[in-house]
Amino acid sequence: MALNKEQVIGLPTGAATVHVERGPVSKFAQSVTDGNPIYHDLAAARDAGFDSIPAPPTFTFSAASHWGVFPEDQPPDPTEGRGSPMRKIMGDLMKEGGLILHGEQEFVYHKPVQVGDTLHQEGKVVDLYSKQAKGKTMTFLVTETVFKNDAGDPVVTARFNLIHRK
Amino acid sequence: MAKPIAKLRYDDISEGDEAPVLHHELTRTDLVVYAGASGDMNPMHTDEVAAKAAGLPSVFGHGMLSMGILGRALTDWAGVGNLKAFRTRFTKQTWPGETLTTRIVVTGKGQVEEGKRVSVDLTLSNQDGEVKLDGSAIVAAA
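Going down the list, the sequences are from chains G and S.
According to our numbering, the first sequence holds residues 1 to 166 in order.
According to our numbering, the second sequence holds residues 1 to 142 in order.
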C-alpha cells in the first residue's frame with residue numbers, strides 16, 4: 001500500500017459537540033483508581049478553586065465523547081461521511097496482518113474541563129511516518145484533536161499516536 | 001472563572017525532587033470498569049477467551065488506564081487543575097496481577113508569562129522494575 005504523507009496530513013478525522021456531565025466524570029475518576037473527592041463532591045471542587053466538578057486529566061480521551069455526544073447539536077461531518085482517515089489507513093495496513101498499538105498520547109491543558117461544559121471537538125491528521133525496528137515495520141499515524149469552549153477558546157489539545165507494527 | 005489552587009510551592013521545589021509514589025495492583029475487574037467508563041471496548045482488555053484466541057497470555061490493561069493512574073499521581077501532588085501538559089509513551093503492556101508503581105521526578109522549573117512552572121519526568125513500572133509507560137509533564141506551582 002502506498003502511504004502518501006502529503007495526501008493525508010491535514011485531513012479531518014471528525015468533529016463533535018461534547019457535553020461534560022457529572023455521572024460520567026465521577027465514574028471515570030473511579031475507573032482510573034482516583035478517589036479524590038473533587039471528582040464527586042461539588043463542595044470539595046469549589047474548595048479547590050473550581051466552579052463545578054472538574055474532569056480528570058485523561059477524560060477527553062474517548063470517555064468525553066463516549067458519554068457526551070448527543071444527536072441534536074452535532075456539527076456537520078467534516079469527513080463528509082467518509083469517516084476518519086485513520087480507520088482507512090490502519091484498515092489497509094491490517095489487511096497485511098500485524099498489530100495496532102497506542103504508541104503515544106499527549107495533552108496540553110489550556111483551561112480546566114468542568115461538569116456543565118460544552119466542548120467543540122475537531123480533529124485532523126498531523127503526521128504519518130514509518131520506521132524499521134527489530135526487523136519489523138512500524139507505521140506511525142498522529143492525529144491532533146482540539147477541544148474548544150463555547151467562546152471558541154481552546155480548552156484541551158490532544159495528540160494521539162497510533163502504531164501499526166508488522 | 002475556575003482558579004484551581006496550586007499545591008506546590010515554587011521556592012520549595014528542586015530538581016531531583018520526587019512526588020509521592022502510588023502503587024496499584026491491577027485486576028481484571030479494573031480493566032472491565034475502565035472499559036465501561038471510557039467506552040474503549042476492545043475485547044483484548046476485557047474478554048479473556050478472545051485474548052487467548054489472539055495468542056495473548058491473558059487480557060491486558062488499557063494504555064490509557066496506565067496514563068490515568070499516573071494522572072492521579074500528578075494531580076495528588078500538584079493539585080487538580082494544575083496540570084499544563086502531560087505526555088506519555090506506552091512501552092510495554094500491563095497485565096492483571098502486576099503491581100504498578102508511579103515515579104515522578106522534577107527535571108526543572110521556570111517562569112512563563114502565565115505563571116510558575118515545574119517540569120517532571122515520569123514512569124509507571126511493575127514490581128520487577130519493567131517500565132510500562134514513560135513520559136513527562138508540566139505543572140503549575142504557586
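These are calculated hints, taken from the structure and not from any lab test.
Hints are not guaranteed to be accurate.
[What the hints assert, rightly or not] Straight-line Cα separation of at most 30 Å, DSSO-like style, residue types lysine-lysine; simulated pairs: (1) G/K148 to S/K52; (2) G/K134 to S/K3; (3) S/K52 to G/K27; (4) G/K166 to S/K92; (5) S/K109 to G/K148; (6) G/K124 to S/K7; (7) G/K27 to G/K134; (8) G/K136 to S/K92; (9) G/K111 to S/K52; (10) G/K27 to S/K3; (11) G/K124 to S/K52; (12) S/K52 to G/K88; (13) G/K111 to S/K84; (14) G/K5 to S/K116; (15) G/K134 to S/K7; (16) S/K92 to G/K88; (17) G/K131 to S/K109; (18) G/K111 to S/K7; (19) S/K109 to G/K27; (20) G/K148 to S/K3; (21) G/K27 to S/K92; (22) G/K136 to S/K52.
Treat the numbers as computed from the prediction; the structure is a model and nothing was measured.
Verification of the supplied hints:
1. G/K148 to S/K52: violated, 41 Å
2. G/K134 to S/K3: Roughly 48 Å separates the two Cα atoms, so the pair is violated.
3. S/K52 to G/K27: holds, 29 Å
4. G/K166 to S/K92: holds, 17 Å
5. S/K109 to G/K148: holds, 28 Å
6. G/K124 to S/K7: Roughly 35 Å between the alpha carbons, so the hint for G/K124 and S/K7 is violated.
7. G/K27 to G/K134: violated, 40 Å
8. G/K136 to S/K92: holds, 16 Å
9. G/K111 to S/K52: violated, 42 Å
10. G/K27 to S/K3: holds, 24 Å
11. G/K124 to S/K52: violated, 35 Å
12. S/K52 to G/K88: Cα-Cα ~27 Å, so holds.
13. G/K111 to S/K84: holds, 9 Å
14. G/K5 to S/K116: violated, 38 Å
15. G/K134 to S/K7: The hint is violated at about 44 Å.
16. S/K92 to G/K88: holds, 26 Å
17. G/K131 to S/K109: violated, 34 Å
18. G/K111 to S/K7: Measuring from Cα to Cα gives roughly 17 Å; hence the hint holds.
19. S/K109 to G/K27: violated, 34 Å
20. G/K148 to S/K3: holds, 18 Å
21. G/K27 to S/K92: holds, 26 Å
22. G/K136 to S/K52: holds, 23 Å
Checked against the numbered hints above, the structure breaks hints 1, 2, 6, 7, 9, 11, 14, 15, 17 and 19 and satisfies the rest.
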